[in-house]
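A.B. asks: Here is how the chains run, residue by residue.
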Amino acid sequence: MNTKNIVYYGIFLFSLIILPFFLNSDWVSVMTTFIIYSIVSLSQDIVLGRAGMFDMGHAIFFGLGAYSTAILNMVYGWPILATIPIAIILPIVASIILAAPIIHLRGDYLLVTTIGFNIVFTQALKNNVFGITGGPNGIFGVEPLKILGFVFSSQLSIYYLAFFILLLTLIVIHNLETSKPGRALHYLNLDSLASECIGINTRFYRLYSFALSAALAGLAGVVFTLQFSAVSPGAFNFIQSVLFFTIVLVGGPSSIPGVLLGTFFMFVVPEIFRQFAEARYLVFGVAMILIMIWRPKGIWPVKFGRIPNYLTKE
Amino acid sequence: MALLELNNVTKIFGGLVAVDSLSISIEKGMIYGIIGPNGAGKTTVFNCITGVYKPEKGKIIFKGKDITGFSSHKIANMGITRTFQTIRLFNEMSVAENIMSGRHFKSRQKWWHGIIHTPFYYKDERANWLKVKEYMELFGLARLAKMTAGSQPYGVQRKIEMARALATEPELLILDEPAAGLNDKERLELVDTIRKIRDMGVTILLIEHNMDLVMNITEYISVLNFGKKIAEGKPEDIQNNPVVIEAYLGKEEEDE
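One line per chain: the protein sequences are A and B, in this order.
Position one of the first sequence corresponds to residue 1 (the numbering used here), numbered consecutively onward.
Position one of the second sequence corresponds to residue 1 (the numbering used here), numbered consecutively onward.
Because the hints were derived from the structure by calculation, they are not lab data.
Please note that a few of the clues may not be correct.
Calculated pairs, DSSO-like style, for lysine-lysine (alpha carbon to alpha carbon, straight line, at most 27 Å) [unchecked claim]:
1. B:Lys133 x B:Lys106
2. A:Lys313 x B:Lys74
3. A:Lys4 x A:Lys303
4. B:Lys146 x A:Lys313
This is chain B alone, in the form it adopts within the complex (with noise of 0.2 Å):
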């Protein structure tokens, strides 16, 4: 059984279908790829499937069950979580209280350790705080802990939102363009960890533009254009369909 599917899942906003009856199926343990040209919907097909967005018909299914118009938090407790394409960190905040709040979920602590700390939220606070220092050191954020996040470099506050989806202890991340505005150096960087992250057991859907990470890194790609899907397979049967070819690059004119 895959892990998520999407069945015939269609989202209109006024009169323009973002996503035309979307059928994809996601394995466990892989790293799977959406690419397609701007405006292709992308990014709506992660919206509804972290609940940003109620589809207008069809179905998500994660792990046999049916989460389609589900909250938000609800989904994300389900164990998918996601990042931004436009980062979206607590920016005034510190970078091991913005982890902090992946662990919000985990953290056992009711409403009422908001107003009493019973000898559980002591118990419970340290765990949860060594586990953000786990994260902080598995993405080399250590030092970083008491820094601001909204001040930190670009790369990093990529890092420290990557960090934040996996303390959450998600069985799906999503990744939103997780590459851009990087160089090429923290792309490389990028690499190494996505594939530490699913080595961990997490399956990864992403989004990319760049085309040389895509291909490096994903197992199974869908190209989406105009909200539909016009391709799927291996990374290297996509990179010579002509399909695809065209959507991205135009149809080539025939000289008469």
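Just chain A, with the same shape it has in the complex (with noise of 0.2 Å):
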């Protein structure tokens, strides 16, 4: 990382930090909110935007993630640290075992087959399978996580963890990019057949791909359910996937500063502009499809080139 970005992170982080202090408690919470949907937002980008995979699945592994933790704790008993674990091994054996037998489909195909995973998906949350999901209304009521003695049961204190797990996502993240895994995903996403004739393994690194953008995806889940103490099949439905799909492409593939300013848009901005009601949409909609037209690589689009100096000086 160079002198210029780790200051824009900086300021990044520091105004997260320093934002509750100037913002009363419903602000709070749709920024907690933001920092969840930004943080499935960057793993679905680690399957969309860096290996290149059309998944229009992702609320899967985000919804497994949650009902792992509430039907855990509510129907079981556990407390909610002991669910964690579950909530991140789950949506990472789910997304080997779907991913395994589609992952040499090509774009489009896979676009399909992962929607009707996610249909089937929420259809299971909806029929109450096992009878442990809780139906269409899902599960109420999720005690708040203690650790130590401590009880993450106020607003900011929840907005703080889930500072903590993007702060923990943004470095797994920058590790993935500057690491040998991070640009197989690249090398096979650009020329599949390139990157076989080389030596990488492009089935290997698209289910490792799809593993840790699950796993990811699930801890937001966590964090999601105790945000709002409940979890419904609404909220990981087919439309919140497409809405993933759309922060990646809209905000720039692969550019985590792209994926944040993405997520942004789709969710902070909406409510700043909550009078306008309904109309709001409307625009976003027509903002959308200008960004594709003038912008075809996303608001912020990735920069390559990410060698180390010593290559680049004498």
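Since each chain comes alone in its own frame, lean on the hints to assemble the complex.
C.D. replies: And the structure:
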């Protein structure tokens, strides 16, 4: 990371830290949602932006994380802290099982398949499978997280918890993009045949991207459950997946600032213009179309050339 | 023992026999050429060797091991890499990142290094980038390190692709029409580069249409026509072989 980036990220993270002191609790709640959806969008970007696979069922992994925590807590009485590993591992396992048979499919075919998975997933939740998902209304009254006697019940504490997970996500994604597995995702996205012919196991890395992004989405799901103390099928349906998909494309695939900006436009800006009621969505739709026409690589497109300084200096 | 051996390799597309029981044998350290008219099945041979296609019949043996039907990445990791007739670079990425892709298998980073950076990661990363630097210097690409690969001129792109293939430290380098689209100056440079690569201990197998280049650089040639080998031998023998001349120029009609 160069100095300019460090400054940008420093300013961004610092503003998130001090922001709650200037906002009322409604806005802190909006910002918490923004952070949760940022984590999901960043994780969607690993599959869609970096590995270039049209996954339009990302809400499945987000929902699996959220429901794992809610069910284990409400039905089986687990403390929230103990549910977190399951809320990460379950989406990983699910992503590998779902993706393994379809990973070789080309863009549009994969897209349709993942939409199918998402519809099956929400239907299962609505129909109260195994009698634990709570049906169409979902599950209410999930306990707050307790760590060493501290209870995360206030909006402010949940905000900082979400912030911490976002920070973790940013570190993971930074580590990814500067490592061999992260580069492999870009290579196989840009030219799958050439990648294979220089020795990249494209199948393995495609699954890897699914698993990693599912893990992060699952973790975001935990925070979602804690934020609303509730989960319901509507929060994880196909339309939500479309939203995450759109955020990545509009913001800028493989670009961290782009995805964050995209999430901001999709979740925070509509809140700011709440008074305009439904008209704001019209403006939104038009804005999305214009961005895709004028900036097909997103609002903040990715910049390649992430190479160490000693390569360019003598 | 030959480095690479093809035994009766046959590849059929629908009803078309693209490669017809082809047998060739490539010794270690040589520059081997495959020539033939358009549509003779040369690129199909390359695709069979590198695992892009699976041959219907026959065996491909590399260093005494049967690699027929192996996946492309496995074959690459065993020491066979290639370039493409139509250049296939990661166009949006920088020149250095393109060459770094060749270090993928040699880099010992595991999957978790994409999540957590350990001290080993830093050591491995540095070692591989320095290797990339070496290859960039070898091909005169060092000053272009940060530039986008796709916006480079054709000749430079060919070099990047070769540097990328070479960065995998292959034992056999397969070049699919390396001189296509190059001007005379670039072609001369290419001859030097290919010789330099051979002197590094890499065996080279190439397809080329440019006869001057093939005759100048290769040590042994096989000629394909309609998927069949019609001749083989040293360049000077091939040049005067009537069967080869006929395949390229057609048969002379005798006047009655």
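A.B. asks: If a hint holds in the structure, say so; if it does not, say that too.
C.D. replies: Outcome of the hint check:
no. : hint                : verdict
1   : B:Lys133 x B:Lys106 : holds (15 Å)
2   : A:Lys313 x B:Lys74  : violated (35 Å)
3   : A:Lys4 x A:Lys303   : holds (13 Å)
4   : B:Lys146 x A:Lys313 : holds (11 Å)
Violated hint for the displayed structure: number 2, the only one.
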